[in-house]
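Please build the complete structure, drawing on both the sequences and the hints.
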Amino acid sequence: MRCFILLVMLALLVVPSMAQQEQPITIRDEDGRDVVIPATPEKIVCLSPAAAEVLCALGMSDKIAAVTEDCIIPSLCRCLQEKERVGTSGRNADLERILELKPDLVIAKTGSLFPEESEKVLVSCGIPVLRYRALHIDALIPMINDLGRIVNAEDKSHEIIGWITKYYNTILERVSLVPESERPTVYFMSMGHFDWTAGNQSAGDIRISEAGGRNIAGNLTETVPHVDMEWVIQQNPQIIIFSMASNQYKGDTPTEDEMRVLCWITI
1 MRCFILLVML ALLVVPSMAQ QEQPITIRDE DGRDVVIPAT PEKIVCLSPA AAEVLCALGM
61 SDKIAAVTED CIIPSLCRCL QEKERVGTSG RNADLERILE LKPDLVIAKT GSLFPEESEK
121 VLVSCGIPVL RYRALHIDAL IPMINDLGRI VNAEDKSHEI IGWITKYYNT ILERVSLVPE
181 SERPTVYFMS MGHFDWTAGN QSAGDIRISE AGGRNIAGNL TETVPHVDME WVIQQNPQII
241 IFSMASNQYK GDTPTEDEMR VLCWITI
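Heads up: the sequence shown is residues 1 to 267, going by the UniProt record's numbering.
Among the hints, erroneous ones may be present.
Below, a list of computed lysine to aspartate or glutamate pairs in the DMTMM-like style, where the Cα atoms sit at most 20 Å apart [to be verified]:
1) Lys63 to Glu22
2) Lys156 to Glu173
3) Lys120 to Glu100
4) Lys63 to Glu42
5) Lys83 to Glu117
6) Lys43 to Glu22
7) Lys102 to Glu210
8) Lys63 to Asp31
Label pairs and their computed distance ranges (CB to CB) [claimed, not checked]:
9) Glu230 to Glu69: 19 to 25 Å
10) Asp155 to Glu230: 52 to 58 Å
11) Thr26 to Thr223: 27 to 33 Å
Note that these hints are calculated values from the structure, not bench results.
Heads up, the beta-carbon is just placed ideally off N, CA and C, and yes, glycines get one too.
Okay, here's the thing in structure tokens:
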């Protein structure tokens, strides 16, 4: 009789804790939406490179069922190389295949980088969608925190956040000591385009400033303005940053001579 009572008491203690673990959680993503997702999803489809990289860093790549090609950079996240591809990017993701995979969660990019119509299809089938792009640390840190919570790896996510924050603050502190006159001028080629750049308060503009540079297009009001190559040459930037979308990266960065030729052809 005593054994029976003891077993009943243990069962009563275990059942509530199991129920609590199975409760869905609410996450506010980078687009500012509150999304309800299942506790500890086991199958995730990643259409966001930043999210895929963070899941790998958290040691949770086994939970990634599929990715888009822009999530895969040969020199980074080798754990993604063998993952199934469901399109080149979120804009042309293979929704039919994603539905066949029956994921517990889809993580996409923000805004128009993943069409609203595509999200509606997934949500109507009971698949929650989170959106992250994480172009700056202000968006990266919350995403790491969210993903750590989602995959039950909060200790690791806090460790990563601490490491990033430490070095980020060190950089800001050291850069603050450099006089404005000694900071190099920078031209930022946006997303693999020679004549698109980073305007005032864009992600590229902010990163240039935080790294100690002066963006030659920093006074242009558009976020991603189109500029004339002759104007760029007249500005004579000391540093040129060639930025590519991850799906453009094949390991062949243009040489200085190639960029000079292309600039003159454009003029």
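Now for the hints, and whether the structure bears them out:
no.: 1; hint: Lys63 to Glu22; result: holds, 17 Å
no.: 2; hint: Lys156 to Glu173; result: violated, 26 Å
no.: 3; hint: Lys120 to Glu100; result: holds, 16 Å
no.: 4; hint: Lys63 to Glu42; result: holds, 5 Å
no.: 5; hint: Lys83 to Glu117; result: violated, 25 Å
no.: 6; hint: Lys43 to Glu22; result: holds, 16 Å
no.: 7; hint: Lys102 to Glu210; result: violated, 42 Å
no.: 8; hint: Lys63 to Asp31; result: violated, 23 Å
no.: 9; hint: Glu230 to Glu69: 19 to 25 Å; result: violated, 35 Å
no.: 10; hint: Asp155 to Glu230: 52 to 58 Å; result: holds, 54 Å
no.: 11; hint: Thr26 to Thr223: 27 to 33 Å; result: holds, 30 Å
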